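J.: Chains as they are written, first to last, in my numbering: chain A, 8 to 394; chain B, 9 to 139.
Some clues are possibly wrong.
What the hints assert, rightly or not - Residues on chain A that point at chain B, a partial pick, calculated with CB under 7 Å:
{"#": "1", "residue": "Asp-126"}
{"#": "2", "residue": "Thr-129"}
{"#": "3", "residue": "Glu-141"}
{"#": "4", "residue": "His-144"}
{"#": "5", "residue": "Gly-145"}
{"#": "6", "residue": "Ser-147"}
{"#": "7", "residue": "Gly-150"}
{"#": "8", "residue": "Arg-157"}
{"#": "9", "residue": "Ala-158"}
{"#": "10", "residue": "Val-204"}
{"#": "11", "residue": "His-256"}
Treat the hints as calculated values from the structure; they're not laboratory data.
Here the structure is a predicted model, which is why all the values come from computation and not from measurement.
Just so it is clear, CB atoms sit at the ideal spot from N, CA and C, and this is done for glycine as well.
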Amino acid sequence: MREVAIIGVGLSQWGEVWGSSLRSLWTEAALAALADAGVDKVDTITVGSMSPGLFVAQEHLGALLADEIGMAGVPATRVESACASGGVSLKAAFAEVASGLASVALATGVEKMTDVSGDECTAALATAADAELEVFHGASFPGLYAMMARAHMERYGTTREQLAMVAVKNHRHGALNPRAQYRQEITVRDVVRSARVADPLNVLDCSPITDGAAAVVLAELSVARKLAKGRPIVRIAGIGHATDCIALHNRTDMTTIPATTRAAERALAMAGKRLQDIQLVELHDCFTIAEIVVLESLGLCPPGEGGKQAESGRTALGGALPVNVSGGLKSKGHPVGATGIAQVAELTTQLRGEGGKRQVAGARVGLAQNMGGTGASTVVTVVEVAS
Amino acid sequence: MSLNPARVAREFPSRYRLEAARCSGCGRVAFPARLVCPHCRGTQHSPVTLRPEGKVVTFTVIHVPPAEFKGQSPYVLAVVELAGGVRITCQVADVDPLAVHADMSVRLEFRRVQEDGEAGIIAYGHKAVPA
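With the rest of the complex left out, here is chain A (with noise of 0.2 Å):
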């Protein structure tokens, strides 16, 4: 396998972007990538988005976008596991780089979510769980991660104020990005008063609904290396991906994601890393219960202790493993499909030292981890600074 560096990285702008439609954010996205990265031409494309058919009615999105940027004629193709289609968005184009087959990709994801009320926001994303055995029954996806937090807080007697704990840290990176949907820090007492959703949870324990796209290109070492142009280079040192029954009543433990720690465990096998060697993560705080239990279903934190991480100070900017300097889901927004390349650009930005206000000093080694439904998708991508 060919050793693969990502090159450039691009954001649109994030938010409730009403001038913008799927096609005009993602098109900013790519451009962006694409001047970051120096290269005007790419060998194949490939979008992650979890339902454009359901958001703007619009499917075939390889096509479409390839021909949006003048680039008709590459091969692009529109891939797709729930809000973990940036993640295999990006292992696709991995995939192309390190066998050969393509020597310089284009990874993106986009999301336009606002298009449509917001009924139709969520029975679009409720598609992400078991139609038949969850939804039918009345389950939203805030009621199917109240059910693992509940199932948390009883086993671990994690607490309410943890939970908030996790969305007042990733407001407090989010407010030093200025791509984030939420740029204002909130409290404790903000999220435990906040409207209630599902219980536990409420609304400020749930991450918003974004319009946005976000684009990494990625080429071969040696590419890289020809157009670095002083700037460190980001590689790809390992990518894991594993899947799991969506349904979340099938899974023997509720307080856990195995995918999660499996996509892991593949991840930094490929990569030769131990946990030991992570300095910063980026993950998929869809909800605030979702980072607790994603930093135990990763190692980075025994079981039953992922409600202290926040509380401890370990997990914020300046702590010993900060998590979600971008902030998060939660505060950065997620554009579901978009999500995970966006993760991957903020790493990338970070081994760079481009981080501004929400540099990690010295950052070499990340992750990231991007999940679709309950976690029946994980994808893991651990980057380094390639020496």
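For chain A, the structure is supplied; the task is to place chain B on it using the hints.
T.: Below, chain B without anything else, positioned relative to chain A:
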């Protein structure tokens, strides 16, 4: 979710009659029945009917429901473990949400789950009620 008649009818065996399949290879029960056992990949099964009683494993109270359930909120949604070990997701009805707790004994009753407007299909299934 739109209630397409064929789609609703296909689920009658599990939703109306709690029909499941016991794998002839490993003895585990899949609900609803599947062609392939998710545990051992066996393809030989015998039909079994689940007993409509069990315990709440975990639950939530849905305050912001999907559109189809607006008339029912707030409602309790739970993972229930039935006698024999099969787990399902369903609502817990006829109960004060504050009285629901893990390990609570419940039985399943045949209930209206959702309906497609005033003149459309009514979809039935099971809800748990306090035992």
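J.: Of all the hints numbered above, which does this structure not satisfy? Sort the numbers upward.
T.: Hint check: nothing fails, all pass.
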